[in-house]
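Working from the sequences, and respecting the hints, build out all of it.
Quick mapping for you: the protein sequence lines, in order, are chains A and B.
If you count the first sequence from 1, position 569 lands on 569 in the working numbering, and the numbers rise without skipping.
Positions in the second sequence are counted from 1; adding 593 to them yields the working numbering.
Note that these hints are calculated values from the structure, not bench results.
Don't take each hint at face value.
Within a straight-line C-alpha distance of at most 27 Å, the following computed DSSO-like cross-link-like pairs (lysine-lysine) qualify [said to hold, decoys possible]:
1) B/Lys-687 - A/Lys-377
2) A/Lys-377 - B/Lys-676
3) B/Lys-725 - B/Lys-806
4) B/Lys-618 - A/Lys-377
5) A/Lys-252 - A/Lys-304
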Amino acid sequence: MADLHFGDDKPNDIERDAVDGVVADTLGPAVVQEHERMVRGGTERRNERRHLLLPVLHALQRAAGWISPGGLNYASEQLQVPPAEAYGVATFYEMFTFTDPGHEDDVVHVCVDAACQIADSEALIARLEGEGKHVHRSPCLGQCERPIAQFIQGRGRPDRVEADSALDQFSAVPQAPASAGNGAMADGSPVRLLRRVGVVDPSSVESYIAAGGYTALAAAIERGPEAVVAEVSESGLMGRGGAAFPTGFKWKAVSEADGDTKYVVVNADESEPGTFKDRVLIENDPFAVIEAATIAGFATGATKGWIYIRGEYPLATERLRNAIAQAHTAGYLGQQINGSDFSFDIEVRRGAGAYICGEETALFNSLEGFRGEPRQKPPFPTTNGLFDRPTAINNPETLVNVLDIVTDGGAAYKAIGTEGSAGTKLFCLSGHLSKPGVYEVEFGTTLGQLLDMAGGPVGELRAIMLGGAAGSFVGADQLDLPLSFEGAREAGVSLGSGVVMAFNDTVDFGAVFTRLAEFFRNESCGQCVPCRVGTVRQHEVLLNSGGNPVNGQSELLEEIDMAMKDASICGLGHTAATAVRSGIALGLIGAQS
Amino acid sequence: MTTTEPVTETAVSLSIDGATVEVPKGSSVLDACNAAGVDTPTLCYAENLTPVNACRVCVVEQEGSRTLIPSCSRQAEDGMEIKTDSERVRHSRKMVLEFLGSGVDLSQAPDLQQWSEVYGADPERYGPSAAKIEEEVRIQDELYIRDYDKCVLCYKCVEACGDDAQHTFAIAVAGRGFDARIRTEFDTSLPDSACVYCGNCVAVCPTNALQFKTEFDLRSAANWRPEEQSVTRTVCSYCGVGCNLELHVQDETIVKVTSPNDHSVTSGHLCIKGRFGWSYVHGE
Ligand SMILES: Cc1cc2nc3c(=O)[nH]c(=O)nc-3n(C[C@H](O)[C@H](O)[C@H](O)COP(=O)(O)O)c2cc1C
Ligand code: SF4
Ligand code: SF4
Ligand code: SF4
Ligand code: FES
Ligand code: FES
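Spelled out as structure tokens, the structure:
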């Protein structure tokens with residue numbers, strides 16, 4: 001049985017230090033034991049360190065400006081990953097490069113998705129390039145309320161978002177408070193999920209505690225895991241990540257699943273174009289996410305939590321890491337939390353630019369150090385999740401709802417919202433609106449009321465993208481639409497991740513839909529044929545028709561859509577044509593002239 | 594609606610196109626289709642590899658399921674009602690085959706060509722500007738060539754090189770989406786890679802993207818005549834393991850060596866000696 005084979009390429013000192021730093025931080029001195037190198041039994045053993053692959057790749061990219069053959073070789077050797085597989089993993093991500101950039105500058109990622117596209121991101125790119133900057137065209141950067149979004153990938157120093165550093169620590173809560181107005185929802189009642197945003201200092205556990213933080217965890221521990229799961233079930237809480245799955249059901253399944261090792265995963269990959277609520281929540285109230293994840297761990301019997309956050313969120317990542325460290329010091333994480341025998345830890349992992357890694361099973365693969373390709377379900381994460389263990393994976397917004405459910409009880413929570421949609425919901429308002437931002441409303445609020453909260457449209461409203469790129473467009477005549485899961489279902493649309501992007505009548509919809517199609521083409525993981533090729537053919541139809549599919553082309557799009565919906569593995573393929581087809585149905589594109 | 598009662602502890606009973614079939618527990622829906630005598634196209638599935646269920650050409654309709662399901666990897670369950678020839682199934686299979694034909698060279702994949710005809714796939718309708726996989730043929734040694742123009746990304750070679758057989762991990766899928774390709778690290782040449790030339794990847798490739806050099810050379814010379822080849826079974830004489838070999842002979846020369854998938858020792862996989870060591874037979 002052969003050892004792994006490594007080529008002759010050697011790392012330079014910078015690359016060696018970058019890899020060693022990550023490995024030493026987590027595993028201690030990187031001594032590879034001889035017995036770990038046996039291949040067959042070794043596959044399982046090797047996976048024990050393989051999950052460091054993504055952090056190591058980040059370190060190499062930052063230090064050297066690219067992933068070189070020598071750097072990758074050294075990383076592979078240290079982590080005992082076959083080099084071909086390490087290369088396959090690395091090339092999956094947008095944030096890594098594989099040719100020497102030939103310069104030592106930072107790289108500016110500029111968003112070209114809808115909210116920034118209609119603000120003319122191409123003009124900005126031309127200007128930046130004219131200034132000699134190195135520009136990378138990026139999909140939605142999750143800053144849609146402040147177009148044109150930019151993210152700076154640092155060379156030899158941390159990545160950053162300049163719009164963040166323009167804000168000082170405390171007023172680093174700009175959009176949400178502005179959007180939450182005086183902290184009220186459409187009907188004047190106080191916000192719930194956003195109530196600490198702009199009120200607490202996100203860098204201080206004391207500030208969080210003074211605002212009532214960590215009372216929910218104490219209450220949960222006091223009442224016991226079964227009671228917490230029961231309250232969450234009774235509350236009717238449904239997932240806010242897009243699929244609207246009942247959270248209580250999920251937690252119950254994990255708590256009852258066989259196995260001593262279980263995990264909680266917080267899905268903060270937030271890459272659905274138009275979505276930025278999780279960023280605002282995490283940046284401004286990171287302890288709430290951590291407290292809620294800890295409660296999830298307690299309720300499901302998990303001993304460890306992971307937060308997978310998209311790589312383009314440096315400020316949110318830093319605040320989470322700081323919050324975890326403070327929670328540790330204050331005894332809210334670690335051994336024997338609150339004097340109980342419950343122990344729990346949380347680790348943060350950065351994504352590296354891949355929308356598909358927000359799909360739960362792709363996220364598990366990515367975190368484990370494999371390509372972010374979705375897994376076929378069944379089996380489901382509740383029994384076979386991260387590292388094949390029972391896993392409760394939730395969106396940050398979903399989790400923050402749990403705090404009130406634990407303190408006030410499931411029944412009280414269920415009384416908020418509508419019959420079929422309990423609670424309040426964060427919406428991400430962007431595009432042609434006076435005051436874009438994150439707004440919280442009770443389910444059942446109408447689309448029109450929500451737009452009014454954001455100051456109403458700028459110009460003559462023509463259409464609204466609802467639910468994200470994976471959602472659909474509705475016309476300006478649908479402002480009475482009640483925003484609830486059942487209301488959306490009845491109207492044949494989806495709330496998705498809470499995207500509400502407004503477009504006025506100056507918009508070139510052909511360009512918008514062509515870019516939407518390109519987004520799916522670029523983000524398909526490539527695993528299954530219907531999506532790998534279907535997204536390309538859809539994009540080509542739009543390209544070839546100048547964004548205006550006529551004469552049988554919309555029928556062809558329908559045929560492509562049907563196959564992607566029916567035969568793809570995951571939600572990306574299932575929804576890749578929904579928005580385009582809604583645009584045709586609304587006459588935004590494809591009108592016969 | 595027909596309801597089927599569980600028959601025994603070790604068998605499940607389900608309906609395929611209205612006919613009830615019984616298969617051992619743990620069988621796939623594909624096994625059940627076979628048991629019912631229904632022919633199903635497959636591409637990424639192979640008996641001797643773990644299903645990756647990526648190609649989706651084998652999809653069937655299951656009563657009550659929102660989407661179609663891959664028959665090759667879904668376990669057969671009691672009471673399932675499966676349709677293998679519904680409008681939805683025919684449409685998805687047609688589109689999958691058409692999508693493949695529109696981007697990949699299927700000229701040496703007769704099975705796929707046949708199925709494309711059955712389902713009326715028309716790859717031409719995407720026009721001349723449709724993106725295709727465009728790759729140079731990689732000829733880096735005298736043993737086998739890689740022509741990724743013909744690659745449908747079925748993952749079979751990766752599995753054969755990895756956990757399913759060879760444990761060498763010389764190749765993996767790199768890149769994403771339509772740009773995903775089978776690669777060694779940084780596309781380094783095979784002789785410089787981890788490859789040990791077992792040829793197992795070549796043996797499982799369904800489209801001839803991976804081809805023994807002998808076959809490639811004969812094809813290039815328009816002299817590849819499979820219908821005239823004889824196949825002789827023998828046992829490999831290099832070591833004591835007892836691998837069965839199938840020697841494919843054309844014009845009294847061995848042109849390739851395979852091993853039967855159902856052979857208990859090899860499951861179709863060999864090592865470099867059995868696969869390529871025959872050149873000594875010809876005194877080279
Ligand atoms: C292509 C794709 C991308 C997704 N991206 C995200 C994401 O960024 N964040 C998220 O919470 N859920 C995302 N999801 C949904 C997750 O798979 C999963 O349903 C969710 O994290 C569960 O959490 P919840 O029940 O709290 O909503 C995505 C799904 C798909 C198909
Ligand atoms: S549907 Fe698309 S993203 Fe999902 S598994 Fe298939 S190729 Fe990958
Ligand atoms: S010949 Fe064997 S070792 Fe080489 S790539 Fe193919 S399966 Fe892997
Ligand atoms: S080279 Fe052959 S076996 Fe490998 S993925 Fe491509 S078609 Fe499949
Ligand atoms: S940041 Fe540009 S569209 Fe979201
Ligand atoms: S043969 Fe079933 S998915 Fe490929």
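**OP:** Given the hint that B/Lys-687 pairs with A/Lys-377, test it: the Cα-Cα distance must not exceed 27 Å.
**Re:** The given pair, whose Cα atoms are some 24 Å apart, holds under the 27 Å limit.
Original post:
Are the Cα positions of B/Lys-618 and A/Lys-377 separated by 27 Å at most?
Top reply: holds, 19 Å
Original post:
CA of B/Lys-725 to CA of B/Lys-806, is that 27 Å or under?
Top reply: Distance of about 25 Å is within 27 Å: holds.
**OP:** Starting from A/Lys-377, check that the Cα of B/Lys-676 is at most 27 Å away, please.
**Re:** holds, 20 Å
Subject >> Pair hint outcome, A/Lys-252 versus A/Lys-304 [Cα-Cα no greater than 27 Å] >> reply: holds, 17 Å
Consistency note: the structure conflicts with none of the earlier hints.
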